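These are the residues of each chain, in order.
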Amino acid sequence: MAHTAAIHTEKPSKWSGGSSPFKVEYGKLMMWFFLLSDSFTFGGLLIAYGTTRFATIGWPDPNVAFSKFPGISSSAPLAFVSLMTFILIISSVTMVLAVQAGKEMNKKDVVRYLILTIIGGLIFLSCQAWEWTHLYHEGAWWGANPFANSNGTQSTQNFTNFFFTITGFHGFHVFSGVCINVIMLIMTLCDKFEQRGHYLMIEKAGLYWHFVDLVWVFVFTCFYLV
Amino acid sequence: MSNLEQLESGGHTHAHAFDSKKVKREIWRITLYLSILTVVELLLGFLMMPWPEESLKRHLVKGVVMALMLWKAFYIIGYFMHLRHEVRNMIMVIAIPALLFIWFISAFLGDGQSYKNLRARMDPYHVERAQLPMEFPAEEGHEGHEGHETPEEHKMEVPAPAAATPAADTTEKAE
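Heads up: the protein sequence lines correspond to chains A and B, in order.
Residue numbers for the first sequence follow full-length UniProt numbering, so the first one is 1 and each next one is one higher.
Residue numbers for the second sequence follow full-length UniProt numbering, so the first one is 1 and each next one is one higher.
One thing to keep in mind: the hints can contain errors.
Heads up, simulated DSBU-like pairs for lysine-lysine below, C-alpha to C-alpha not over 30 angstroms straight-line [what the hints assert, rightly or not]:
hint : chain 1 : residue 1 : chain 2 : residue 2
1    : B       : LYS24     : A       : LYS107
2    : B       : LYS116    : B       : LYS62
3    : A       : LYS103    : B       : LYS116
4    : A       : LYS23     : B       : LYS57
5    : B       : LYS24     : A       : LYS108
6    : A       : LYS107    : A       : LYS204
7    : A       : LYS204    : B       : LYS24
8    : B       : LYS22     : A       : LYS103
9    : A       : LYS68     : B       : LYS62
10   : A       : LYS192    : B       : LYS24
11   : A       : LYS204    : B       : LYS22
12   : A       : LYS23     : B       : LYS116
13   : B       : LYS22     : A       : LYS192
14   : A       : LYS192    : A       : LYS107
15   : B       : LYS21     : A       : LYS68
16   : A       : LYS204    : A       : LYS108
17   : A       : LYS204    : B       : LYS21
18   : B       : LYS21     : A       : LYS103
19   : B       : LYS21     : A       : LYS107
20   : A       : LYS107    : B       : LYS57
21   : A       : LYS204    : A       : LYS14
22   : A       : LYS108    : B       : LYS62
Calculated Cβ distances over 12 angstroms to all of chain B for the following chain A residues [as the list claims (entries may be wrong)]:
hint : residue
23   : ASN106
24   : VAL111
25   : TRP130
26   : ASP213
Everything labelled a hint here was simulated from the structure, so no lab data went into it.
No experiment lies behind these values; they were computed from the predicted model shown.
Think of the CB as a built atom: it goes at the ideal place given N, C-alpha and C, for glycine as much as any other residue.
With the rest of the complex left out, here is chain A (with noise of 0.2 angstroms):
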């Protein structure tokens, strides 16, 4: 006992004040805890289109559904999506260097790769609109589903009625990830990080933005690939 009591006194523990245990700001562990419960929505949606394909007989081609590139009369399948892919991976890229450049004070730089991250992702929502267009005039809407199954048999709403639903959540949350860049980029333009003598609001605000990104890397696995 003895033993510990020394031991406590030379090394307190993380938990008895005076020290940040997780080492990260208070809004930084929330956005964290957010995100967190957020996986948990889209995983949710995500295991349910599962559960659905796993008890359907049959399901449609996502390559014979989503083959259509703007410009392009052939099938060409997983192009378009590919595009989508790499547009938000892109964007993310930008969206690390904007962090990094506010952990170096550089405003200069936030600007320009927050701007970069921005027209990334009003890029990836204007494809979504395409797209989204598209399949409306082939036919495809929640609850009407024009493509059979890839046997040829036919084939349940389920199909077009998870794609819209969860494409439609991800597309929700780029916008909002593309509101809160604005309203980023707004705050520091006017300096208000300077004020502050830190660029840590740009790293919650990347946190979201990356999560949009890992969600899609989910969606186009789930929805195009397999």
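With the hints as your guide, set chain B onto chain A.
Just chain B now, kept in the frame of chain A:
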């Protein structure tokens, strides 16, 4: 006072003596890895496109694609979201609750599979119905479906004889 500032910002207020070049090199390295993994995923997608839907090799490739997906997720969370460079406590607070997904996925996908099998046993007609070709309204130009070669009304009334056989198999297995 400085101690208080440290607490509020979690010790990240002031620019550390970190090597900016090194951090940027890491960012580009991870970008390269993510791009390579995505290209490999796409190549696998093209590879398995002509294979039959329920074949074993297609399922295997799908498994590989899932593994690559998790690998990409690791890079994004670990490096872009910086979790790998946080303290151990912080990593565990995020990672341990996320382990629930293992149970979540295996329980629910297994449930879906079992629902399909039970339904095939209890309601064989459901399996027969699933063999009916999809019919399309006349104005829609879908190409390459056998359903168009035979009169649609005939297909609707009676399941094709070829389709009836697998359904009969399922009922026999159930006995």
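For each hint, the structure was consulted:
1. Proposed proximity of LYS24(B) and LYS107(A) is supported: the alpha carbons are some 17 angstroms apart, at most 30 angstroms.
2. Simply put, LYS116(B) and LYS62(B) have alpha-carbon atoms about 20 angstroms apart, close enough for the 30 angstroms limit, and the pair holds.
3. Taking the CA atoms of LYS103(A) and LYS116(B), the gap is about 53 angstroms. The hint is violated against a cut of 30 angstroms.
4. About 47 angstroms separates the Cα atoms of LYS23(A) and LYS57(B), which puts this hinted pair outside 30 angstroms; it is violated.
5. At most 30 angstroms may separate the alpha-carbon atoms for a hinted pair to count; LYS24(B) and LYS108(A) meet this at roughly 17 angstroms.
6. Restraint check for LYS107(A) and LYS204(A): satisfied, since their Cα atoms lie roughly 17 angstroms apart, inside the 30 angstroms limit.
7. For the proposed pair LYS204(A) and LYS24(B), the alpha carbon gap of about 19 angstroms is at most 30 angstroms, so the pair holds.
8. This hinted pair checks out: LYS22(B) and LYS103(A) have alpha carbons roughly 14 angstroms apart, not beyond 30 angstroms.
9. Of the pairs offered as hints, the one joining LYS68(A) and LYS62(B) holds, with about 22 angstroms between alpha carbons and a cut-off of 30 angstroms not exceeded.
10. The straight-line distance between the Cα atoms of LYS192(A) and LYS24(B) is roughly 25 angstroms, inside the 30 angstroms bound, and the hint therefore holds.
11. Of the supplied pair hints, the one linking LYS204(A) and LYS22(B) holds, its CA atoms being roughly 22 angstroms apart against a limit of 30 angstroms.
12. Taking the CA atoms of LYS23(A) and LYS116(B), the gap is about 49 angstroms. The hint is violated against a cut of 30 angstroms.
13. Straight-line distance between C-alpha atoms of LYS22(B) and LYS192(A) comes to about 28 angstroms, which keeps the hinted pair within the 30 angstroms bound.
14. Between LYS192(A) and LYS107(A) the CA atoms are separated by roughly 11 angstroms; this keeps the pair inside 30 angstroms, and the hint holds.
15. With a CA separation close to 41 angstroms, the supplied pair LYS21(B) and LYS68(A) exceeds the 30 angstroms bound.
16. Proposed proximity of LYS204(A) and LYS108(A) is supported: the alpha carbons are some 19 angstroms apart, at most 30 angstroms.
17. Distance check on the hinted pair: LYS204(A) and LYS21(B) sit about 22 angstroms apart at the alpha-carbon level, within 30 angstroms; holds.
18. Straight-line distance between C-alpha atoms of LYS21(B) and LYS103(A) comes to about 13 angstroms, which keeps the hinted pair within the 30 angstroms bound.
19. At roughly 18 angstroms between alpha-carbon atoms, LYS21(B) and LYS107(A) fall within 30 angstroms of each other, so this suggested pair holds.
20. With a CA separation close to 52 angstroms, the supplied pair LYS107(A) and LYS57(B) exceeds the 30 angstroms bound.
21. A threshold of 30 angstroms between alpha carbons decides the hint, and for LYS204(A) with LYS14(A) the separation of about 24 angstroms falls inside it, so the pair holds.
22. For the suggested pair LYS108(A) and LYS62(B), the alpha carbons sit about 44 angstroms apart, so the restraint of at most 30 angstroms is broken.
23. Residue-level check failed: ASN106(A) sits 9 angstroms from the nearest beta carbon of chain B, not beyond 12 angstroms.
24. Consistency note on VAL111(A): stated as away from chain B, and its beta-carbon is indeed over 12 angstroms from all of that chain's, at 18 angstroms minimum.
25. Taking the minimum C-beta to C-beta distance to chain B, about 20 angstroms, the non-interface status of TRP130(A) holds against the 12 angstroms cut.
26. At the 12 angstroms boundary, the C-beta of ASP213(A) falls inside the reach of chain B, the nearest C-beta of that chain being 6 angstroms off.
The structure fails to meet hints 3, 4, 12, 15, 20, 22, 23, 26 from the earlier list, while all remaining hints are met.
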